[in-house]
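Top line first, the protein sequences correspond to chains H and C. Sequential numbering from 1 applies to the first sequence in our numbering. Sequential numbering from 1001 applies to the second sequence in our numbering.
Calculated directly from the structure, the hints in this document are not laboratory data. The reader is advised that the hints may include incorrect statements.
Not everything, but these chain C residues come out facing chain H in the computed CB check (under 10 Å) [claimed, not checked]:
| hint | residue |
| --- | --- |
| 1 | Ile1006 |
| 2 | Asp1023 |
| 3 | Gly1025 |
| 4 | His1026 |
| 5 | Glu1027 |
| 6 | Ala1029 |
| 7 | Ala1031 |
| 8 | Met1040 |
| 9 | Pro1046 |
| 10 | Gly1071 |
| 11 | Leu1072 |
| 12 | Arg1073 |
| 13 | Glu1110 |
| 14 | Leu1126 |
| 15 | Arg1129 |
Ranges of calculated distance between the beta carbons of each label pair, as one might list FRET restraints [what the hints assert, rightly or not]:
| hint | chain 1 | residue 1 | chain 2 | residue 2 | range |
| --- | --- | --- | --- | --- | --- |
| 16 | H | Gly97 | C | Glu1095 | 32 to 42 Å |
| 17 | C | Thr1136 | H | Lys91 | 34 to 44 Å |
| 18 | H | Leu159 | C | Glu1125 | 29 to 39 Å |
| 19 | H | Ala88 | C | Ala1083 | 40 to 50 Å |
| 20 | H | Glu117 | C | Ser1122 | 27 to 37 Å |
| 21 | H | Lys91 | C | Asp1109 | 31 to 41 Å |
| 22 | C | Glu1116 | H | Asp35 | 22 to 32 Å |
| 23 | H | Ala134 | C | Gly1025 | 42 to 52 Å |
| 24 | C | Leu1143 | H | Pro130 | 54 to 64 Å |
| 25 | H | Ala88 | C | Gly1025 | 55 to 65 Å |
From the derived model, a few chain C residues whose C-beta atoms are all more than 10 Å from chain H [claimed, not checked]:
| hint | residue |
| --- | --- |
| 26 | Gln1015 |
| 27 | Asp1059 |
| 28 | Thr1068 |
| 29 | Asp1099 |
| 30 | Gln1114 |
| 31 | Gly1148 |
Glycine is no exception: its CB is placed at the ideal position from the N, C-alpha and C atoms.
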Amino acid sequence: MRVDGLWPSATTHEDRKDEAEQPTGSGARILVTDDDPDLRALLCGILTDEGHKVAAVGDGRRALDSILNDPPDLVLLDVMMPHMDGFAVLKGMAEAGISDVKVLMVTARSAETDWAEGYRLGADYYVTKPFDPAELAAAVATVLTSTKGELASQREHELDKAEMLSQLESIFDVG
Amino acid sequence: MARILIADDDADIRQVLVVALVDRGHEVAAARDGAVAVTMLTEGTPDLVVLDVMMPERDGFQVLDELTASGLRDLTRVVMLTANGSEQDASRVFELGADAYSTKPFDTDELVAQIEELLALSNEELKSRRERELDTSRLLSQLESILGDG
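Build the full structure now, drawing on both the sequences and the hints.
Next up, the structure:
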């Protein structure tokens, strides 16, 4: 799967012979939000190696300010952040009418219901921590190369499944 | 906030500079060789590029030449990264149209300060600064040739 991004030739250049795999959606503008400086560094390293342009902030309020002032193509959104958590950022984006910025939630493995809450608030995709670099890069490529519509139908499907699972759980709890 | 490109074939150097500049609030991209750097410079016209001299595909000076040839040189400020001990490179950077240089191994904080100082200059200040540096480097090379002859 290859789609030309905003900076297409980073993917099409014929001299990239040492690349086993071509990055997809390369050249997107991505905002990384995470309060953990090591994770911000890791994410920025992975994303710039994929040919993306990155900026980063360490809390939700600055994330929302940045998104409203200069909307990127994609936001990597941590859930647990100081000042304003990832859900509040999603609500802020919806209130401001921002709908063309894609959102990839980065959630802790321990909080398995976070992704469903994120989806309800408009996130497009999620990755759980800890992740490996290839997994993260693949998720970013999927989000960047899918349309908002494709992501929305995938999201509906996941939410339906979550709903069914919770109904099943409640049935078995009763029984 | 400025848009900055890091062009270096050394992954560790890319990582260090990306992280340091992102933490200062800049938007950063990276290129791993000179050919990719040319493409990113001509299509993205960042505010500043950190350009390693020794890179595969095209070296930093060739990248700078291509940037100048494409007529986009004035849109991007250029900091060259030269290898320690290559005095020749250091004296060439201004002749070849760079705005500043730093020698590897560099102190990250100092390089970031140098980058931000360069970004804060007006185009006029930048131009006169480049002329002064060029003057100095010509004087130095004249001195060298006099001393070398004697």
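Now for the hints, and whether the structure bears them out:
Satisfaction of the interface hint for C/Ile1006 is found here, the shortest Cβ-Cβ separation to chain H being roughly 8 Å, below the 10 Å cut-off. For C/Asp1023, the interface hint holds, since its Cβ comes within 10 Å of a Cβ in chain H; the closest pair sits about 7 Å apart. Taken as an interface hint, C/Gly1025 checks out: its beta carbon lies about 7 Å from the nearest beta carbon of chain H, inside 10 Å. At a threshold of 10 Å, the smallest CB-CB gap from C/His1026 to chain H is about 7 Å, leaving the interface hint in force.
Of the supplied interface hints, the one on C/Glu1027 holds, with its beta-carbon coming within about 4 Å of a beta-carbon of chain H, less than 10 Å. The closest approach between the C-beta of C/Ala1029 and any C-beta of chain H is roughly 4 Å, which is under the 10 Å cut-off, so the hint is satisfied. Because the closest C-beta pair between C/Ala1031 and chain H is about 8 Å apart, less than 10 Å, the hint holds. The restraint placing C/Met1040 at the interface with chain H holds, with a minimum CB-CB distance near 6 Å, inside the 10 Å limit.
With its C-beta approaching chain H no nearer than about 8 Å, C/Pro1046 sits inside the 10 Å limit, and its interface hint holds. Here the hint on C/Gly1071 is broken, as its CB sits about 18 Å from the closest CB of chain H, past 10 Å. With a cut of 10 Å, the hint placing C/Leu1072 at the interface with chain H is violated, because the nearest CB-to-CB distance is about 15 Å. A distance limit of 10 Å between C-beta atoms decides the matter here; for C/Arg1073 the minimum to chain H is near 19 Å, and the interface restraint is violated.
A cut of 10 Å between beta carbons decides the hint on C/Glu1110: the least distance to chain H is about 20 Å, and the hint is violated. The beta carbon of C/Leu1126 is not positioned within 10 Å of any beta carbon in chain H (closest approach about 23 Å), and the interface hint is therefore violated. The restraint placing C/Arg1129 at the interface with chain H is violated, with a minimum CB-CB distance near 27 Å, outside the 10 Å limit. At about 52 Å, the beta-carbon gap between H/Gly97 and C/Glu1095 misses the expected band of 32 to 42 Å.
Restraint check, C/Thr1136 to H/Lys91: a C-beta distance of roughly 56 Å breaks the suggested window 34 to 44 Å. Judged by the Cβ atoms, the range 29 to 39 Å given for H/Leu159 and C/Glu1125 is violated: they are separated by roughly 56 Å. The supplied range of 40 to 50 Å is met by H/Ala88 and C/Ala1083, whose beta-carbon atoms lie about 48 Å from each other. Distance hint for H/Glu117 and C/Ser1122: a CB-CB separation of about 48 Å, inconsistent with the stated range 27 to 37 Å.
For H/Lys91 and C/Asp1109, the hinted distance range of 31 to 41 Å is satisfied, since their beta carbons lie about 38 Å from each other. Between C/Glu1116 and H/Asp35 the beta carbons are some 24 Å apart, a value that agrees with the proposed interval 22 to 32 Å. About 29 Å separates the C-beta atoms of H/Ala134 and C/Gly1025, a value inconsistent with the hinted range of 42 to 52 Å. For C/Leu1143 and H/Pro130, the Cβ-Cβ distance of about 58 Å falls inside the hinted range of 54 to 64 Å, so the restraint holds.
In this structure, H/Ala88 and C/Gly1025 break the distance hint of 55 to 65 Å, their C-beta atoms being roughly 21 Å apart. Listed as a non-interface residue, C/Gln1015 fails to keep its Cβ farther than 10 Å from every Cβ of chain H; the least gap is roughly 5 Å. For C/Asp1059, the condition that its CB be more than 10 Å from all CB atoms of chain H holds, with the nearest at approximately 14 Å. Here C/Thr1068 stays apart from chain H, with its beta-carbon at least about 19 Å from theirs, past the 10 Å limit.
Non-interface call for C/Asp1099 relative to chain H: holds, since the shortest CB-CB distance, roughly 21 Å, exceeds 10 Å. In this structure C/Gln1114 is separated from chain H by more than 10 Å, as the shortest Cβ-Cβ distance comes to about 20 Å. No Cβ of chain H comes within 10 Å of the Cβ of C/Gly1148; the nearest lies about 39 Å off, and the non-interface call holds.
In summary, the numbered hints that this structure violates are 10, 11, 12, 13, 14, 15, 16, 17, 18, 20, 23, 25, 26.
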